[in-house]
Amino acid sequence: DAGITQSPRHKVTETGTPVTLRCHQTENHRYMYWYRQDPGHGLRLIHYSYGVKDTDKGEVSDGYSVSRSKTEDFLLTLESATSSQTSVYFCAISGQGANYGYTFGSGTRLTVV
Amino acid sequence: EDQVTQSPEALRLQEGESSSLNCSYTVSGLRGLFWYRQDPGKGPEFLFTLYSAGEEKEKERLKATLTKKESFLHITAPKPEDSATYLCAVNSGGGADGLTFGKGTHLIIQP
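Chains A and B are the protein sequences, given in the same order.
Mapping of the first sequence onto my numbering: residues 1 to 113, in sequence order.
Mapping of the second sequence onto my numbering: residues 1 to 111, in sequence order.
Hints in this document: simulated from the structure, not taken from any laboratory.
Be careful, since some hints might not be right.
[What the hints assert, rightly or not] Straight-line C-alpha distance at most 27 Å; calculated BS3-like pairs for lysine-lysine:
1) 57(A) x 42(B)
2) 42(B) x 79(B)
3) 70(A) x 57(A)
4) 42(B) x 11(A)
[To be verified] To give a feel for the contact side, a few chain A residues facing chain B, derived at Cβ under 8 Å:
5) 16
6) 18
7) 33
8) 43
9) 64
10) 105
Ideal Cβ positions, reconstructed from N, Cα and C, are used throughout, including at glycine.
Using the sequences provided together with the hints, build the complete structure.
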């Protein structure tokens, strides 16, 4: 996807280990979001950022933390991974906020065993 | 709490057979309703934003409409390449605070 890259694309980790997912953008957009997507659920917002060092919680933030030290990077950390956090994680960016449409990354498939 | 319900969950059509996907929503105050398309293994792709009842938007074979309680995505004379999952989402808070998504409709267009 042009302008937004997620890494890694796939990861398998063990229960109890910390995991960090990275979202990198080259669009200089102010707003960045982390969502998770699970079968039987819609995309659910985990955390979002509205500027460098400005972040806030979404609907399903328990067990997750984020950091944004530069405009282009938004990191999602699972402090101690659990099997319930097995999911596909999507990063999204927007120049003017949620109401103006997102550009999504290609996703990270995380499996916690 | 915002709620978005999409129907049907899955739909199989023959090429050229027109149909509609439904998105029913409950929000405290609608700031925007969104349609996205998602292909397998990829992130969603933005299609439309609708802001007020009566609004319509079109893109190729797709047309989105909005009422006070629901939105429809009409697909006219679909082609196999229109096969995808179509997601509906709403924003009731505006600004940066994210969207509430439905579970999607999985659309298959058979040649």
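Do the hints match the structure? See the list:
1. 57(A) x 42(B): Given that 27 Å is the threshold and the Cα spacing comes to 25 Å, the pair holds.
2. 42(B) x 79(B): 20 Å, holds
3. 70(A) x 57(A): Holds - the C-alpha atoms of residue 57(A) and residue 70(A) are around 19 Å apart, at most 27 Å.
4. 42(B) x 11(A): Holds. Residue 42(B) to residue 11(A) sits at ~16 Å (cutoff 27 Å).
5. 16: 28 Å, violated
6. 18: 25 Å, violated
7. 33: Holds - the Cβ of residue 33(A) comes within 8 Å of chain B, reaching about 6 Å at its closest.
8. 43: 4 Å, holds
9. 64: 14 Å, violated
10. 105: For residue 105(A), the interface hint holds, since the closest Cβ of chain B sits about 5 Å away, which is under 8 Å.
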